[in-house]
Amino acid sequence: MPTVRPVAAPPAPAAPAAPAAADVPAHPAVGAATALLDAYRPGDRFLATPTRTLLARGPAAVVPDDGSPLPGRVRAALERARSDGNDRPVVVGAVPFDTAAPAALAVPEEVRTGPPLQADPLVTLPADPPEALDWKVIEVPAPEEYARATAAAVARMTAGEAEKVVLARTLEVSAPGREPDLAALLGRLARFDPSGHTFALPVGPGRTLLGASPELLVARRGGRLVANPLAGSAARSTDLAEDVRRAAALLDSAKDLHEHAVVVEQVRRAMAPYCSSLEVPARPALVRTATMWHLSTTVTGALADPDTTALDVAVALHPTPAVCGTPTAAARRMITDVEPFDRGFYTGMLGWQDAAGDGEWVVTLRCAEAVDGLLRLYAGAGVVPASDPLAETAETAAKFRTFLSAVGASL
Numbered sequence: 001m002p003t004v005r006p007v008a009a010p011p012a013p014a015a016p017a018a019p020a021a022a023d024v025p026a027h028p029a030v031g032a033a034t035a036l037l038d039a040y041r042p043g044d045r046f047l048a049t050p051t052r053t054l055l056a057r058g059p060a061a062v063v064p065d066d067g068s069p070l071p072g073r074v075r076a077a078l079e080r081a082r083s084d085g086n087d088r089p090v091v092v093g094a095v096p097f098d099t100a101a102p103a104a105l106a107v108p109e110e111v112r113t114g115p116p117l118q119a120d121p122l123v124t125l126p127a128d129p130p131e132a133l134d135w136k137v138i139e140v141p142a143p144e145e146y147a148r149a150t151a152a153a154v155a156r157m158t159a160g161e162a163e164k165v166v167l168a169r170t171l172e173v174s175a176p177g178r179e180p181d182l183a184a185l186l187g188r189l190a191r192f193d194p195s196g197h198t199f200a201l202p203v204g205p206g207r208t209l210l211g212a213s214p215e216l217l218v219a220r221r222g223g224r225l226v227a228n229p230l231a232g233s234a235a236r237s238t239d240l241a242e243d244v245r246r247a248a249a250l251l252d253s254a255k256d257l258h259e260h261a262v263v264v265e266q267v268r269r270a271m272a273p274y275c276s277s278l279e280v281p282a283r284p285a286l287v288r289t290a291t292m293w294h295l296s297t298t299v300t301g302a303l304a305d306p307d308t309t310a311l312d313v314a315v316a317l318h319p320t321p322a323v324c325g326t327p328t329a330a331a332r333r334m335i336t337d338v339e340p341f342d343r344g345f346y347t348g349m350l351g352w353q354d355a356a357g358d359g360e361w362v363v364t365l366r367c368a369e370a371v372d373g374l375l376r377l378y379a380g381a382g383v384v385p386a387s388d389p390l391a392e393t394a395e396t397a398a399k400f401r402t403f404l405s406a407v408g409a410s411l
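Quick note: the sequence shown uses the numbering used here, first residue 1, plus one each step.
Calculated directly from the structure, the hints in this document are not laboratory data.
Hints should not be assumed to be uniformly reliable.
Said to hold, decoys possible - Label-pair distances were calculated between CB atoms; the ranges are: (1) S410 / A329: 35 to 43 Å; (2) R269 / P129: 44 to 52 Å; (3) G31 / D252: 41 to 49 Å; (4) P273 / L122: 42 to 50 Å; (5) S410 / D372: 18 to 26 Å.
The beta-carbon is built from N, C-alpha and C at its ideal position, and this holds for glycine as well.
When you get a sec, could you build the whole thing from the sequences and use the hints?
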């Protein structure tokens with residue numbers, strides 16, 4: 001077992017700490033990151049994280065879905081690419097919530113990288129506002145149905161069926177006769193919160209997964225692992241005094257602190273077999289995104305085996321209680337019973353990995369899937385026995401705001 005060293009809680013940051021800050025040039029070229037963002041076209045693979053900006057395009061070698069363990073398939077795909085003359089192959093893509101379903105991972109022919117968006121001064125320039133369209137928004141399930149489902153889940157947990165379950169709902173957003181401008185939408189999402197993880201990835205014929213997630217699942221750089229679980233949330237306020245009050249209340253909320261502690265403990269247990277030592281802060285910090293406050297804990301570890309890849313650990317971590325619940329099997333049953341849709345890639349993971357095993361894998365949150373002129377948005381809330389169904393419904397509505405603002409639609 002690794003040595004576990006509790007560390008003092010860090011001061012409340014404005015954004016998650018970058019897991020590989022050494023990768024960021026001291027003086028990155030102005031415009032280098034935003035140039036990659038502006039060059040995105042549907043069908044490309046785009047990912048911006050706190051450590052880098054990545055744009056991949058060109059014919060790609062797809063990681064096959066043959067039923068064998070995913071990390072092994074990714075290793076084999078990278079080795080094939082190297083034997084075919086690609087000196088620095090990278091796998092990029094997404095893995096669904098149900099890891100038994102096909103992933104959308106590939107080794108692109110061309111990969112361009114730059115500094116993180118938050119280091120590029122040009123990202124502060126305002127994006128073009130969304131086009132004024134007559135958006136049609138359908139809530140699935142409707143808010144009152146979601147609240148009833150949450151109340152039923154609370155009753156089941158009170159009876160001892162589970163400790164926590166994450167229940168999601170969707171919005172189906174469309175404008176008659178118009179296709180969403182995915183490049184413009186991605187640009188607005190990235191500029192709305194450049195410190196997060198912004199992505200646009202093809203996940204099937206005519207299907208694009210795009211969004212801006214606040215949560216790093218795990219990153220590996222050399223012999224160091226970093227995970228940044230988020231659990232426990234509060235909507236932000238436009239009134240500064242009220243916003244500060246909400247942040248302080250979240251940091252003192254017994255319900256949210258318990259929810260967060262459950263997630264951190266499972267992350268610690270999942271990382272432990274891969275680490276010779278682990279550092280786990282004693283208390284969470286606050287992380288601020290454009291629309292939400294989150295409780296955050298940065299868990300770091302020293303890798304025990306240099307052959308362990310970022311994806312090896314990501315697969316062991318997924319799904320965390322922050323996106324599924326606990327115990328995992330019971331939470332999955334409740335999700336299947338309650339949610340009237342297939343999550344697909346929502347609450348799965350996405351990211352990149354190189355042939356050395358280094359990479360970053362992000363929890364797929366604050367996202368939408370674009371297909372056939374429709375944007376299907378997803379948001380969820382962690383439900384525990386102390387949950388208020390109306391408050392959890394309001395939390396999902398607040399989480400939708402990031403994407404709705406970028407589209408120019410509203411509930």
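Quiz item: Tell me, which hint numbers fail for this structure?
Solution: Violated: none.
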